[in-house]
Amino acid sequence: MKTHKLRSWKAAVVLAVAAAAVAVWATTSLAASGAVKPVKVAIMTDCKGAFAFGYEEDIGGAQGAFARFAGGVTKSHAKPSAGMTGIKAGQTPIQIVGYGCGNDTVPLAVTETKRLMEKLNADVEIGPLSGDEAVYTANYAKAHPTKVFIIGTAGSQDPTMQIHPNNMFRYHGDGAQWNAGIGEIAYKKLGWRKAAIIEDDYSFGWTSAAGMIADFCAVGGDIVKRVFAPLNTTDYAPFVRQLPPPNQVDGYFSTIGGTGTSAMLKAFEQAYGKPEPKQWIGNLFFGFLGADKVVAPKFVGSYVGGFGNAPGVHTPTMDAYRAFMNKLYPKLPADDGFVYNYYMAAWALVQGLQKAPGATGAKLDAALPRAIKGAPFQLSGGGVLHLDSRRQAIQDEYQLQLVKNPDGSVGPTVVAYVPTVDQSFGGLFTPSSPPPGRTQPPCKKVVTPWQGKIQVVTNGKVTTQVIK
Amino acid sequence: MNPASWTRRQQVERTIAAVALVLVIIWPAAGFSSYWTHQILIETFLFGIAASSLIFLSAYGGMVSLAQTALFGIAGIILGNIATKGGPGGTSKGLHLGWDPTLALIVAIVGTTIIGLIGGAVASRSTGIYFLMITLTYSVIATYTLGQVTKISGFSGIGGINRYTPGWIGNLLAHPNRLYYIALGTAIVVYVLIRLVIRTPFGISLQGVRDEPIRMSSLGYAVPLHRTLAFGFAAFIAALAGVLYAWWAGQVAPGDVDLPQTISLLIMAVIGGLIRIEGAWVGAFAFIIMQNYITSNTHVPLLGFGGTLFGGSFNTIIGIIFLVIVVVSPDGLMGLWGRIFETRHRPDTGESPPTPAAEPAN
Amino acid sequence: MSALSARIPDRERVSSWLTWRRLPVFLTFLLIALALAYILFITTVEPFTGGNWRTTTFGSAVHDPKDFLKIVLDSLTFASALFIVASGFALIFGLMRTVNMAHGAFYLLAGYIAYEVQQGMTGQGFSLDSSQVNTWEWLVPLLVAAPCIMVVGLVVQQAFLRWNQGQELRQALITIAVSVIVADQIIAHFPRNVSQGQRFGGNAVDLTWPGWTDRFVNLHVAGVQYSLARLVVLAIGVAVGVGLWLWLYRTKTGMKIRAGVDDEQMTSALGINIQVTFAITFAVGCGLAALGAVVWASQSNISSGQDGQWLLNSLVVVIVGGMGSIFGAAAGAILFGFVANFSASYLPTTGSDCCTQYSTIFTFVLIAFVLSFRPRGLFGREA
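Top to bottom, those sequences are chains A, B and C. Per this note's numbering, the very first residue in the first sequence carries number 1; after that it's consecutive. Per this note's numbering, the very first residue in the second sequence carries number 1; after that it's consecutive. Per this note's numbering, the very first residue in the third sequence carries number 1; after that it's consecutive.
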């Protein structure tokens, strides 16, 4: 009796498993596709962690370019991630196969990238959002030459400088480039000679600081002290106390990130008294990503580093871009790097596919534009954005100042235009130099390509007056 | 191994295990979903190995360790530093020692085991929550060391490790199925190894130390030594998982050893069941399925605030599932499974209850 | 006994002290003495051209007593904030042997609730200047957030922890699950009272101290001017400590709690309703987490991710100080606060690459060191 039951048990289990296996195999078998093969695109961004709010902004930016240049129709004007249909770049249909959801760390980038590129079989990835994820994606790109990667808005230097795979493109500046010019402004306009810098002891903190330090030291300034606060510091007081007191330096640079900016500044206030706006220069965390309400009110008059776009400047191209984005996705800030950088990436893809219909892999690498005409926030060369030999953008940058608007709010507005900033800062950063770190770059006097060419911007208009 | 003497539960289990094993072995050749081959199943195997190190310590050593993820990451980092090369075509971070990959593999595993032995020695006098705490401290130290000591890692970690595999494995990027079989084989070896170890005199005295440390100590057994060796063995297993992960993902970063990842491994082990080694792979499989399929199907009708449960994300769902499992069955899925068979043993059916000798060591 | 000691010659008594087993103790004292000597006398100021193992940012305490005193006060005030949050954890752990891994999540929730209330009262927008906040507008958020968290904590305790009393691992796992859920829900629903693009996602917001704390106090010692806000944190911490001591040692409920800590079964057998005592203790523990959140969010900020941070802080303080006694929590808080702040200030600066940014690693290595020699914490009892 017992053995009989056992045999039927066994049989039943085997049959059930076999049936399940057949079902799985059936659902995953591929169907034949139609005429002009659509190119499959995945948009990789963050929906968790420090940059969770970037999800809708990034997707919205990319889909904005698809809507403007490839006839895409959005499913929802309020929520870009609802999807978009009808995208056709020339003769090539573009199919968005999925949105990646990272959390600013590598492990989730690993699983999401594999899910997008291997399970959903995307040909092109637009993304990722953050620096460390981009370093992983660059290594992944090197191992998968048949896929194409266009960086979304990551600011790390490595992907295009040290790793530089042939199938990876970046149509915006890195974290150091965004701050180009701010150091020179500090030296010439504010008269700073000796400065201290407080950074997040983290890759983006170092990269952002590299731009400030390189620029400031290039014109002759001296960084007398570099202080690094580890991530997740609960109490910023001991780090802030390591900064020299306000009467011993001319100014302070800061690249402390979003979750610590206000905490660090409060600690500074409790250690040294109310901060003097002309003695502080922050990176984009002082003016963007919500800082306009948290940090900016106390620092009206401070200069802040840019994000590659130009809030407050009006040219026909810029305004056309803003108008289009505001109409398509009214809730998104068109003048935010998260939106704009993904827009540029998607636009580049459309141009590449218009040139080479249906191309993927190496053919698409060759077809992607090395120069984009009419880039909204580019003014140099008649508004053309060029890529360098490692497929990294040479971008015009805008440095800003926090001002009080007529309606009482405080926000960044452009005060300086820095033309054609390249990733190497005039040879300071090379593929064989280490990526930005605590001692990289050293404080050296060099000639950056934009030295002495920074133009003053007043009332939203770029003047011919140069900052001396 | 006499099938006639197996209990009911063992019969069913071993049948299912045999079928699953056959299925998993033929999977790549049979042409089933390659996403499952290259992602879900490989992840199940290697995270199952890592979870089995945790379950080994908890089930047979009585120590719940939160340091297994850290050891897992350390193995990957050591491998990355030693095997990868710098310069053009190389990777951008790490020491770039560029040694022979087989030697690098051995050093990574041996090195992590030694670190585990040292850590175990330091923690050997602690039990319960204090042991948990000290292993959590190790995890935090590992996270910050991997992040801040840029010479050996840095925040984006070391990448491109899967380009430097030993010759006898070959190019994993060109032949991705090889990693599948290596991971499967390692998982089987680890399972058999653990089952063997717990039957050795060391294993049995370890279980004695788990149950009655004072009595064992008075009998002359060196209790801290047993705990240290157990921790070292668990470190060895975690190192195997770490090396496999480094080859699969290609990149090992501080994000692989931080607190959320540590909690994830704990969740995997608890869902499977902290009492049985088989639970490691069951729990890992359940967690990875949920992680892969819930994030992409995030709309739960009736309960969304426009998103998943009450506006939350995958984490809310996994948290609720975890809560339900711990409340209903603290021994996880394997505990539930065991209870199904316990309730079937009614005195009037004439079926004999399982004899202790035939039960898997528990 | 005295007759016995009279027969042992002095030489032997001394040598019986100097055994190998006491070596770790001697080493520890030696290391502490070395560290103190380094900070107080040995170190020199790092010159702009770079440093070596002897140099630090501030130099020795003898050379620069002003900065030394400020750092001591920083450590004390930070320890005070740690104590407020950790005492709640210690209370729950000490009485109920429950490791409340959701303590950090309750902290985070309290911080965000308090922020919403403060914004609702002052209605100015994101970040307020101290001058815009008066004392009442700081107290009311606290008085709203604390009871909210106490209710949430009570619900969790009654639903999930009451019926499995004694199963420590299970309770730890249950509270981990609760913390994962609560943390994720916080990200989905907070912050609310901010500009459109920044809503939800657990973005960083901060509370603001009342305006009168925004000044320096002259301490009349070495000419040091110190922030009044930080001294207020210290005052609150001391008040919490005194209040807890009075409650535990001078009231009937406190007596029941202490009895329950010593011997739960006996206490219950004596007819004391131990379940009510547990509920009260858990609620008070959560309330302390809320107080700590309001205090530290005013001092710094509140953002997602801090739940893990503060859970870790509480765990370390309570375990290092010693199994769930208030005195142990205070000792652990002082040790942790001082080591964290002093290592961030007085680790050698050999140049930009080392070493104060490694203060977190240093602190945790030291904690592992302490736990390896005193597994039950500095002042823990052998249970």
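Don't take each hint at face value.
[What the hints assert, rightly or not] Which bits of chain B does chain C cover? Going by a derived footprint, with three or more residues having C-beta under 8 angstroms, they are:
id, region
1, 137-146
2, 163-176
3, 324-333
If you're looking for bench data, these hints aren't it; they were derived computationally from the structure. A virtual CB, placed ideally from N, CA and C, is assigned to each residue, including glycine.
Coverage assertion for the region 324-333 of chain B with respect to chain C, Cβ distance below 8 angstroms, three residues required: Per the Cβ count (3), the hint holds.
Three-residue Cβ test at 8 angstroms for the coverage of the region 137-146 of chain B by chain C: This one holds; 6 residues, not fewer than the three required, reach chain C with a Cβ under 8 angstroms.
Assertion that chain C covers the region 163-176 of chain B - criterion: three or more residues, beta-carbon distance below 8 angstroms: The restraint on the region 163-176 of chain B is violated, since only 0 of its residues have a Cβ under 8 angstroms from chain C and three are required.
Violated hints amount to a single one, hint 2; each of the other numbered hints is respected by the structure.
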